[in-house]
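Sequence order for the protein chains is A and B. Read in order, the letters of the first sequence correspond to residues 1 to 296 in this note's numbering. Read in order, the letters of the second sequence correspond to residues 1 to 307 in this note's numbering.
In case anyone wonders, no lab produced these hints; they're calculated from the structure. Please read these numbers as outputs of a predicted model, since none were measured by experiment. Be careful, since some hints might not be right.
Simulated pairs of lysine to any residue, SDA-like, Cα-Cα distance not exceeding 25 Å [stated by the list, open to error]:
(1) B/Lys197 with A/Tyr261
(2) A/Lys206 with B/Leu88
(3) B/Lys42 with B/Ser267
(4) B/Lys107 with A/Trp185
(5) A/Lys16 with A/Tyr261
(6) B/Lys197 with A/Arg92
(7) B/Lys102 with A/Glu196
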Amino acid sequence: MSTTTPAWERVQLARKADRPHSLDYVNALINGFVELHGDRRHSDDPAMIAGIGAFNGRTVMAIGHQKGSNTRENLDRNFGMPNPDGYRKALRIFRHAEKFGFPLICFIDTPAADPGLGSEERGQATAIAENLLALASLRVPSVGVVIGEGGSGGALAISVTDRLLMLENAVYAVASPEACAAILWKDSNAAPQAAEALKLTAQDLKRFGIIDEIVPEPEPAHDASDATIQRTGEAIERHLGEIEAIADRPAGIDRLLELRYEKYRGIGAWVDEQEELIGELPVGVPGTSTPESTSD
Amino acid sequence: MPDFFRRKPTFNREDVSAEDGPVVPDGLWVKCQKCKDLVYSKDFERWFRVCPKCDFHARLSASQRIEYVLDSGSFEEWDRGIVTSDPLEFSANGDVYREKVKSTTRKAGQPEALVTGRGRIRGYDAAVAVTEFRFLGASMGSAFGEKFARVVERAVDQRLPFISISNSGGARMHESTFSLMQMAKTTAALSRLGEHKLPHISVLTDPCYGGVTASYAMVADVIIAEPGAMVGFAGPRVIEQITRQKLPDGFQTAEFLLEHGMIDMISRRSELPGTLSLLLLHYADAFLGRHQPGYAMSGQSRNGEAR
Ligand SMILES: [Zn+2]
Chain A
1 MSTTTPAWER
11 VQLARKADRP
21 HSLDYVNALI
31 NGFVELHGDR
41 RHSDDPAMIA
51 GIGAFNGRTV
61 MAIGHQKGSN
71 TRENLDRNFG
81 MPNPDGYRKA
91 LRIFRHAEKF
101 GFPLICFIDT
111 PAADPGLGSE
121 ERGQATAIAE
131 NLLALASLRV
141 PSVGVVIGEG
151 GSGGALAISV
161 TDRLLMLENA
171 VYAVASPEAC
181 AAILWKDSNA
191 APQAAEALKL
201 TAQDLKRFGI
211 IDEIVPEPEP
221 AHDASDATIQ
231 RTGEAIERHL
241 GEIEAIADRP
251 AGIDRLLELR
261 YEKYRGIGAW
271 VDEQEELIGE
281 LPVGVPGTST
291 PESTSD
Chain B
1 MPDFFRRKPT
11 FNREDVSAED
21 GPVVPDGLWV
31 KCQKCKDLVY
41 SKDFERWFRV
51 CPKCDFHARL
61 SASQRIEYVL
71 DSGSFEEWDR
81 GIVTSDPLEF
91 SANGDVYREK
101 VKSTTRKAGQ
111 PEALVTGRGR
121 IRGYDAAVAV
131 TEFRFLGASM
141 GSAFGEKFAR
151 VVERAVDQRL
161 PFISISNSGG
171 ARMHESTFSL
181 MQMAKTTAAL
191 SRLGEHKLPH
201 ISVLTDPCYG
211 GVTASYAMVA
221 DVIIAEPGAM
231 VGFAGPRVIE
241 QITRQKLPDG
251 FQTAEFLLEH
261 GMIDMISRRS
271 ELPGTLSLLL
281 LHYADAFLGR
291 HQPGYAMSGQ
301 SRNGEAR
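Build out the structure end to end from the sequences listed, making use of the hints.
Rendered as structure tokens:
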């Protein structure tokens, strides 16, 4: 159970330390970027960066998970895993963008939300949930880009945007392959198999209609940082332009919110077997089950 | 305390004994999972499956929960036919998800991990969503998310307050990013509920983790937890493994959450219908207009017929 799989190789690429991270994108794409700090509640989380600047001539607010490019930086940045203060900083920036009518650009790159004692005490689940709620009805256009690792609710908390893009070698899943392997294979060495089963590549998610566009990496981002960032900027501009055009019409923001609702409302794969089920199922038969199949 | 004498749970004793570990063969006694004392099973039932000796709140199935909380015979189920279509054709180590759903459906007596519909609590109409933990740990996948979005949308259409009662291990891994996106979908639905000034009351029961707490369950207008319920984002084992710290006593219990300001109150199981109906009375002012005598009366629904 240790042989690699194509999806697992993607995971390795997505995690490469010398891949460009959120601040690289922000500094290259956003003119006069001013970083803003702190959640105004408890602390400033270095795993989440935020700020204001000009993107192709218009003021925007930008938010991103921030990983380090070496071990020392990663220790400072908690490997890009925000605590509740990071998510509340993001929430403050969402509201700030809304107040001034600035579009929002989000860079997603985290293995997961921080699973620590302090995070639990300060309400990690609540912080993420409140961001999902805020983004669902945020009255400004928003674009998200998964630039590396999109891991679970910790990634989702800044990615419920009007348009969601993904770099060719980025991954996005409900849990890390390691966590999935530990739970469903009972063996964390089965991560390559779990990565394959989770269908976490940009190609899979485009096929499922979960993301809107794949930003190609003719050369992997860690070998072609500038070109990748530039290509990403062009894709953001194209999508932002489209949704701004909707938002600028009379009552356009309401239309945009409707479209956003439909986008997320429509994701899911289910069938209605009403007829077949009626009468067939025993009701209230006791049994046992274990929470083996779950994660955040 | 007089609350629990008012209604008599009607499910049979097999329901009680099968789930609660070692039982004396004649089924007269159940062993409490917490204090390990033997409890006369009729007492256990009468106390809503709460140990009369140590107050341990045993887990309930969705149908037991509905039986306890809603007025007898008032529940009308919606969307029972919505089931997963296994978008990833997922299997892990030879364990095929599609097959697992079939066997789980038989075991749990429910076709999905969420049961939705409308009913009355002491005469007050509400839309309700209740999780079924025996169905893959009440994990949230596509069908769960779809049923949740529908019950909330119908609450808006029918002008009903919304009550969710949850325990869950989190998002369902077998549907990967589809499951993750249900977190966005369920909260988006709730944002519409809020725009219509309809309240969401969330009841957290043991255990509630991951994608469910990090989405709809923690953004309610009022959050209630059962005593001793374990509630958090990451599971205690994961936290211990990653931080190599020993977790303090009482970590992630309902009492811990109350102390840290994450929930509004803890309600004992016997008091839950009373608490919920009192809240529904207060919030009715917001969505029915002031002073609506008769709203509290059973069968006097102003909300029209169910769709
Ligand atoms: Zn006991």
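Comparing the hints with the structure gives:
1. For the hint pairing lysine 197 of chain B with tyrosine 261 of chain A, the CA-to-CA distance comes to about 18 Å; that is within 25 Å, so the pair holds.
2. Restraint check: the Cα-Cα separation between lysine 206 of chain A and leucine 88 of chain B comes to about 13 Å, which is no more than 25 Å; the hinted pair holds.
3. A C-alpha spacing of about 23 Å is found between lysine 42 of chain B and serine 267 of chain B, which places the hinted pair at or below 25 Å, so the restraint holds.
4. The suggested pairing of lysine 107 of chain B with tryptophan 185 of chain A holds, with an alpha-carbon distance near 22 Å, which does not exceed 25 Å.
5. Proximity of lysine 16 of chain A to tyrosine 261 of chain A is assessed by CA-CA distance (about 34 Å); at most 25 Å being required, the pair is judged violated.
6. For the suggested pair lysine 197 of chain B and arginine 92 of chain A, the alpha carbons sit about 24 Å apart, so the restraint of at most 25 Å is met.
7. A hinted pair counts as satisfied when its Cα atoms are at most 25 Å apart, and lysine 102 of chain B with glutamate 196 of chain A qualifies at roughly 23 Å.
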